[in-house]
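Dock chain B against the given chain A, drawing on the hints supplied.
The residues making up each chain are set out below.
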Amino acid sequence: EPEVTQTPSHQVTQMGQEVILRCVPISNHLYFYWYRQILGQKVEFLVSFYNNEISEKSEIFDDQFSVERPDGSNFTLKIRSTKLEDSAMYFCASSEAAASASYEQYFGPGTRLTVT
Amino acid sequence: AQSVTQLDSHVSVSEGTPVLLRCNYSSSYSPSLFWYVQHPNKGLQLLLKYTSAATLVKGINGFEAEFKKSETSFHLTKPSAHMSDAAEYFCVVSDANRDDKIIFGKGTRLHILP
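Heads up: the sequence lines are chains A and B, in that order.
Taking the numbering used here, the leading residue of the first sequence gets 1, the next gets one more, and so forth.
Taking the numbering used here, the leading residue of the second sequence gets 1, the next gets one more, and so forth.
These aren't lab readings, by the way, just hints derived from the structure by calculation.
Beta carbons are placed, not taken as given, at the ideal position from N, Cα and C, and that holds for glycine.
Check the hints yourself; a few may be wrong.
Each pair of labels, with its calculated beta carbon distance range [said to hold, decoys possible]:
1) S66(A) <-> H39(B): 29 to 35 Å
2) P70(A) <-> P18(B): 47 to 53 Å
3) K42(A) <-> S12(B): 19 to 25 Å
4) D71(A) <-> S3(B): 33 to 39 Å
5) I20(A) <-> L56(B): 39 to 45 Å
6) G40(A) <-> A53(B): 32 to 38 Å
Here chain B stands alone, though its shape is the one from the complex:
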């Protein structure tokens, strides 16, 4: 069965410093992995996705994530945090063999300190 674990429920970083949001997954088959962001009172927006092409995936707003099969990880990073990055971030996995179902992690709330 597929699952996803976000190791930190809250992360605080200072503006201008790097961001690291951790995600580990469990999947029986070749997974597709996504990061979504949810700003307050807004819907879920796709940041980036991994679909078995390049292991380093670049997304919007300067975010990127690296798929590491040996570590079953898909951590989200950004070199320099901006105040507008404050939001909830969800790591999501879908099994290649289960076309229509995706599983969300519990989310990590990112706080940006001035």
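Pulled out of the complex, with its shape left as it was, chain A reads as follows:
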């Protein structure tokens, strides 16, 4: 069964450094998403991406965040200057079409980001 993959599984970085989290969505999917889950808290929506542009973003997704689909398979989340509070599990998801109706989102296993 096709699945969403994410690399790395765990990333440790120093405050102020840039990180890029990588995701390979399911190949025929058209919508892509990033979520984060701070330890002990709920999963929070960050951004959705469709047709090579951001379709929606949350208030969390400020100027230090960016997303890109550099080729036909990868979907990346870049954090330009990491802060301690960026430490979280980051989940990538993809869906065949929009999240309403029959099109559920398929989630990757997550990347645990630790900012020291």
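Leaving out everything else, chain B in the frame of chain A:
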């Protein structure tokens, strides 16, 4: 605005007994509702979804949920708990009019007692 409330942060049941995980939602439009499960160190897996068809939805691993519009609820149930059901469960809502955004509840951690 849409929101979802999971009433219990932790639920403990004995193996072989019924499971009930509660979820209430708020939505301006016709919602789609989902339950996801997260096992330790694993990603989120879809258990089941409601998309305005049958109000009683059957999912994987023997779970089911009933959409009750009058109570704005979508509680998750299973007749008989198994040790492998121990995990975190998330109730999720998406508005039919907002195609690309889903909102997670805070999660309920299910503990199975031997």
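We went through each hint and held it up to the structure:
1. S66(A) <-> H39(B): 29 to 35 Å: Given a distance of about 31 Å, which is inside 29 to 35 Å, the answer is holds.
2. P70(A) <-> P18(B): 47 to 53 Å: Because 49 Å falls inside the window, the suggested range holds.
3. K42(A) <-> S12(B): 19 to 25 Å: Given about 20 Å between the Cβ atoms, the range holds.
4. D71(A) <-> S3(B): 33 to 39 Å: holds, 37 Å
5. I20(A) <-> L56(B): 39 to 45 Å: Because 44 Å falls inside the window, the suggested range holds.
6. G40(A) <-> A53(B): 32 to 38 Å: Since G40(A) and A53(B) have Cβ atoms about 35 Å apart, the given range 32 to 38 Å holds.
Hint check: no violations occur; every hint is consistent with the structure.
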